[in-house]
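With the sequences and hints as input, model every part of the structure.
The chain contents come next:
There are 2 protein chains.
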Amino acid sequence: MRVWRMARSAAATKRRILDSAYELFYRKGYSRVGVDEIAAFAAVTKRSLYYHFRSKDDLLAAVLELQAELAFARIRRQSLAARPDEILEVLFSELARWAGRPGFVGAGFTRIVMELADLPGHPAHAVARRHKAAVEAWYAELFRNAGAAAPDTLAREVALLVEGAVTMILISRDRGYAEAALRAAKTLVRRGR
Amino acid sequence: MRVWRMARSAAATKRRILDSAYELFYRKGYSRVGVDEIAAFAAVTKRSLYYHFRSKDDLLAAVLELQAELAFARIRRQSLAARPDEILEVLFSELARWAGRPGFVGAGFTRIVMELADLPGHPAHAVARRHKAAVEAWYAELFRNAGAAAPDTLAREVALLVEGAVTMILISRDRGYAEAALRAAKTLVRRGR
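Keeping their order, the protein sequence lines are chains D and P.
Numbering-wise (the working numbering), the first sequence opens with residue 1 and increments by one.
Numbering-wise (the working numbering), the second sequence opens with residue 1 and increments by one.
No incorrect hints appear here.
It does not matter which identical chain is meant; a pair holds if it fits inside one copy or across any two.
In silico lysine to aspartate or glutamate, EDC-like type, Cα no more than 20 Å apart, as pairs:
(1) K14 with D58
(2) K186 with D152
(3) K28 with D118
Calculated directly from the structure, the hints in this document are not laboratory data.
Following this line, the structure appears as structure tokens:
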């Protein structure tokens, strides 16, 4: 019983470190966040942090793995629309709503890859690559199930437009880019007809 | 004569600091580059650096202003194609060529905005916003001159696809995204017909 409680508490501590690191990395990026800050935010000692994670890089990799899981579970719950047009409407209106939240800072995986662009061997890249590929494969599945022509091509185009829209909204602070992306995607859906 | 020489030399020093800072910021991002490193790279004293720029933030703003000018001049020289399809081919094949260079790290303005996403008041955002708007306006001008239908809409869509392609190539290291973006853009051009 006592051992189980300790194990549970160690898992809870680890998760609290992961959540704290995520919140800080997501808000300020990787380079501007120190291990001291993460430990303080999670209310653990640095020693405890290093017990669970060997280095800040290891911690980032673990944060991204967990976030990829959570993000993908969230995404899969999202759209169950029947027609390709409806799928696109749900997708881009969700995007616009997200981008309209106060403190919107864009896509976490994209931002970490941009920040660490000169370090292509960093584990962050592999996790981001897998995540984006999984999302694109999920788009393709949705479009296939909805009977769209060329679902893989369409999925890739939607991935491009989603990525472009998030970036352009972050830069311009103009959510009109989500509507422009939706219109473009709808045109691309109709191409096959 | 002596005063003129000194002025010339001060301008040359300032430019050398700007070029050095650009190279380091572009490669490693803003947060991981220190003022000491920039001064050493430019072979000037820190005192000389602070004579020309009040702070690292000021230096970044000046770097971005200069780069926006240079990038825009480079872009305007680029494509003089006559038909909308040809414009797109030049644009996206240039993109693919750029993305294929060793050490490709993506778009500098986008990366700096992503890195400083939680600081929307930072001057970097305003320069990036102006730059992206100028590029989009230039696309619109090219498409208008080439007789494309709805040149402003098309320009916005191309901006989305370019931004998406650069990001997706950076993440996936798969230049197929440039071709996918080109195909999508060509479909969008034909919509108006």
